[in-house]
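Student: Protein chains in written order, with the numbering used here: chain A, 1 to 355; chain B, 1 to 355; chain C, 1 to 355; chain D, 1 to 355.
For the record, the hints were derived by calculation from the structure and aren't laboratory data. Be aware that one or more of the hints could be misleading.
Partner residues aside, some chain A positions facing chain B, computed with beta carbon under 10 angstroms [as the list claims (entries may be wrong)]:
1) T275
2) Y276
3) Q314
4) I316
Built from N, CA and C at the ideal position, the CB exists for glycine as well.
There are 4 protein chains.
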Amino acid sequence: MVSALLLHRVAVIGASGYGGLQTVRLLQSHPRLQVTFLGGHGSVGRHWRELAPFLDPGPDLRVAQPDPDAIAAAADLVVLSLPNGRASTLAPALLERGLRVVDLSADYRFPRLEDWRQVYGGAERADARFCGEAVYGLPEFNRQAIATARLVACPGCFPTTSLLALLPLLQAGLILPEGIIIDAKTGTSGGGREARQHLLLAEAGEAVAPYGVEGHRHTREMEIQAATLGRTRPLRLQFTPHLLPMVRGLLATVYGQLAPPGCSAAQITSHFLDTYRHQPCVEVLPVGVYPSTKWARQTNRALLSVATNPHTGQVIVMAALDNLLKGQAGQAVQCLNIMLELPESTGLPLTPFYP
Amino acid sequence: MVSALLLHRVAVIGASGYGGLQTVRLLQSHPRLQVTFLGGHGSVGRHWRELAPFLDPGPDLRVAQPDPDAIAAAADLVVLSLPNGRASTLAPALLERGLRVVDLSADYRFPRLEDWRQVYGGAERADARFCGEAVYGLPEFNRQAIATARLVACPGCFPTTSLLALLPLLQAGLILPEGIIIDAKTGTSGGGREARQHLLLAEAGEAVAPYGVEGHRHTREMEIQAATLGRTRPLRLQFTPHLLPMVRGLLATVYGQLAPPGCSAAQITSHFLDTYRHQPCVEVLPVGVYPSTKWARQTNRALLSVATNPHTGQVIVMAALDNLLKGQAGQAVQCLNIMLELPESTGLPLTPFYP
Amino acid sequence: MVSALLLHRVAVIGASGYGGLQTVRLLQSHPRLQVTFLGGHGSVGRHWRELAPFLDPGPDLRVAQPDPDAIAAAADLVVLSLPNGRASTLAPALLERGLRVVDLSADYRFPRLEDWRQVYGGAERADARFCGEAVYGLPEFNRQAIATARLVACPGCFPTTSLLALLPLLQAGLILPEGIIIDAKTGTSGGGREARQHLLLAEAGEAVAPYGVEGHRHTREMEIQAATLGRTRPLRLQFTPHLLPMVRGLLATVYGQLAPPGCSAAQITSHFLDTYRHQPCVEVLPVGVYPSTKWARQTNRALLSVATNPHTGQVIVMAALDNLLKGQAGQAVQCLNIMLELPESTGLPLTPFYP
Amino acid sequence: MVSALLLHRVAVIGASGYGGLQTVRLLQSHPRLQVTFLGGHGSVGRHWRELAPFLDPGPDLRVAQPDPDAIAAAADLVVLSLPNGRASTLAPALLERGLRVVDLSADYRFPRLEDWRQVYGGAERADARFCGEAVYGLPEFNRQAIATARLVACPGCFPTTSLLALLPLLQAGLILPEGIIIDAKTGTSGGGREARQHLLLAEAGEAVAPYGVEGHRHTREMEIQAATLGRTRPLRLQFTPHLLPMVRGLLATVYGQLAPPGCSAAQITSHFLDTYRHQPCVEVLPVGVYPSTKWARQTNRALLSVATNPHTGQVIVMAALDNLLKGQAGQAVQCLNIMLELPESTGLPLTPFYP
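Excised from the complex, chain A in its bound form:
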């Protein structure tokens, strides 16, 4: 029996989308965190059980308007799983009330508001200082800052996958910052739970297609973070996402030019193993074993594999993860664990049920 005193109280805002749903699901089996407030807009007043008959009765809660005072009364930490542009209308009030916030949207992923506005456009925002304060929630490369942060901006599935593949190369100067290509493949749950025609099974089933080939909005975020966390000069990336006929899973195949041309896959793999040795949520595969998204499904683990092409001097890094866990809600819980000085993978599944 876990004493109630040990439980940290968490509010989840935006509980009917996949991000919120997965967060609640994870917290249901988390030994130290407890959902004490469920906020939303469209589903106010409905019982949680109605929204998710497939989850355990779990929190005996109804969805409430995300009123900052009510949230502050009920919770110590908040996970915001709202559409882009929405989190920034709520987060300042929460922070002012002393809550710590983990945001799953793009609102605080750019240190400078003008970069955000260039990509996402939209209305004026008065919270520039919070953008500057927000910590990029990629634990493997930003753990210390996350530990003490008030506001964590969790990267989504594409940047997480791409940065886990790229940063060890950039930090060590193993890859030229110019000409890097990220060819990404995602399941349709990455597009969210709102009904949209192109995400219908009848449309997306039995099909693969690229989208956002020129200037996808995640590109700029990755460029900035790759340069910052990779400690390299500014760089530009080609990022090409593809929509695949599957529910969950994300694979990024990352290509670049080796800086030291003769470097072997074994040498780079060895460097990756060093980099991720103490990271419970990343696994580096042996040379020649390529990751399937299925090996990472419904876990919070990213799988990485390195190959090289000696004829062309290129390095290829393949990275697979579950877009809704390590690429979204699982990463949020990983950040919460760090913020609370709990073991980092507490309550996070790391082993799949295959197949």
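Place chains B, C and D on chain A using the hints.
Tutor: Below, chains B, C and D without anything else, positioned relative to chain A:
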């Protein structure tokens, strides 16, 4: 009513795999070609109808041993849909008997036998001269040679897609031959109809994974043909195939460095439109419209779209087709049409049933 | 070359849903029918090509408001592919202008308006006499009435599949009208192209679930037609549809109690073969061969197979078809062919591209 | 930290199939059971990690020949996940050495050997007495016998689903034993991990088809157990399995004639709630909520829902579960828990990660 005199007689050898199956299916609704011999190994003596209860009773034929004399008595042309290494044990005898042969395997795709052996290894072959004589069956770039050929080596789905994307760029000097990357995504039918564990729905369903990342056997074939048909210096490619959870369809996303750096997507699209203007089986999409494999499914049409990244000086060509038609059996029929001076798309579906 | 004089002019209203889309697609390759008017609501003014970049440029048409006079000026026949309740607001005006109408909705499937209202509820309708006049568009059992009809109400995928399985049994008194069960399995395209959450790939993928178990709205229609066309006493059915993770295809497994208990599968199959001998769009499979929806996909053919259970005295009929063709648009074209005294399967694919 | 003294040692024989794989996976996160022996045939000598790179390194074991003495030295309990006919060649020797055995095959599911032989045919067996001793491993209806059993024959996915739906009705006399129909829908993983053509994604994808319609081998097992555990007169069932394009999941839609004709869904649901009140692995849904296999996926929970048709006097029970967990390995672990007097759902996931 079509007069029987006008019908060309075709033997299909290897009728129980997907290549043979699709060839027979296409010929069933072809106005000028008729299947008059069905050859195979495992299924000798069985009636066609038993192998394919889903096809029209069509040819009232039983599968027979592929005896060259029997084939020569029954047919004028032969489509070989046999495992690699098998076609070359049969083709010489067929050619000697005056038959014209379209081969779907890799056996005659390399002008020089030593290149073939380097990739496929295997037993000694005594038919080097046929390798030299064989014509690479990519109609859009080799029509004249196909028209008069005795032996056509049809490229499979990966080289067809990749070359249709690359050759207009290479021929016009729009892309640097160095550093080209082909990131390909294929449905599982590309792996054939023989039962193999990794192609089970339970394994390949809800998953995406790369394979053959280092030196896939199609890489060398593409390198040789890209240089030859592209009229450029020898080149090396990075080719990364990925297995997707769908039945049919192939998408190649091709990346390279623009030779004239400032070239726009509109300019290159215009060049593609010129190149393929009179090609009934290739369609170039407007800038910003990206191809879905679903738009090409169960058709013999390849769809191409061009994008550029002005920040990185890269060009991206996306090419989609049906791996079993334009990537296999449909291309064979397209070649047969050319060999017989029929309109090139005779009997070939060009419009999908969406969705 | 087909003379333009021979082409019948067809208006398709509701062109952006799957029903309209498939109808246009079929008519594109129909030798005697031509789309001359495209009507819709949401997409007025848009060029057809924008709605369906995957179809041949085909009809150089823009979507127009479905104004009865404009339709009458442009076309001789009309296919209505509109939401339930919508067709009946348009059909009377079309009929009054001398057009012949094939309706894909449920509006005219009930001879008596009160039956319709009981199931579909909704607003008052002033067109009771058209309900009485409308002909149920199941060609295999209603060909003569269709041939001369002004207004044909095409049954959808569930009733078509179920009635093709049941009617031969009912007409011959081989099955008790009491206790019949129809357990149906459908792909998600049956739910239409409008974005709805439960039809998202992320929701419907990797899942099967029943729906509408108690009193699905197709049940009453099937009960009435089974009794009428089956020439039997009134009956009540249990109809249970299930949503499957696939794009196209419908399988109905129909169970009933044999009236003559000792009847064998072979005997009943023989009766089915007699019933459907001259029906080009129905195929009866040999005993022991069970239909896959894949054998019928993208064709206008229904596949039937009969089994019996001697221990329980039950008969089981399995029926598979493509829900968007024989279950929707293909059936409409089949009806048009009959209305115009063309060979019934003109322009309709009957053989699949497997797999 | 769990003391090693508390861990029960389990041997898993047949570790490379899905049954063995899932068993090992479950035991990896089981707090009281530990895999201490991995037995197999094809993969002897290979390290576990090679067979399952996607699982945690977990047991540092190589696959060994299933030698009874070696097993007895290493383990206290054995899970046999072998092809039908294979378990019975090993189980007697294990029992004689004092091990307790849970068998996932059909070998011990029939109390009388002659019933087994009638269904499975095959070689002579000398272990008739073990057939008589074996306990049918359906915990919800056989818990006490399982608790003390030496040999437990776990029912597979079809009988488990069907019996959970039927037994409450039969035991309470709510359904006529005559004319019961089980229409089942299964994902392809139910067919095992061995490569077979009809289970290829290219074949089974985008398709649904019935199989084994007449006398499927699970029918007899269900008939015997339904009568025995349902405490009713002997009965005959119609069982129709269908293969669906998904990896995991099983849905059975069970139809029968209500014995008290006027019984409502609410009344029967209330009886189901009573029956399963203390069963942690069964959940009864409210009237009108129908189960999706997705709500049960990767859990050991079966979901049940009851509907009735007042017009026909029929009852419809829908039952969904994960075929590899509650329908196979999870049920084995549930039985092990009972045999060891552990809480029944120890180490078993009960809540899905949706979607």
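Student: Against chain B, run the beta carbon of T275(A) and see if the smallest gap drops under 10 angstroms.
Tutor: Because about 21 angstroms separates T275(A) from the closest Cβ in chain B, which is outside the 10 angstroms limit, the hint is violated.
Student: Would the stated hint for Y276(A) survive a check requiring a Cβ distance to chain B of less than 10 angstroms?
Tutor: violated, 20 angstroms
Student: Given I316(A) as an interface hint, is its Cβ closer than 10 angstroms to any Cβ of chain B?
Tutor: At 6 angstroms from the nearest chain B Cβ, I316(A) passes the 10 angstroms test, so the hint holds.
Student: Any CB of chain B closer than 10 angstroms to the CB of Q314(A)?
Tutor: holds, 5 angstroms
When the structure is compared with the earlier hints, violations turn up for hints 1 and 2 and for no others.
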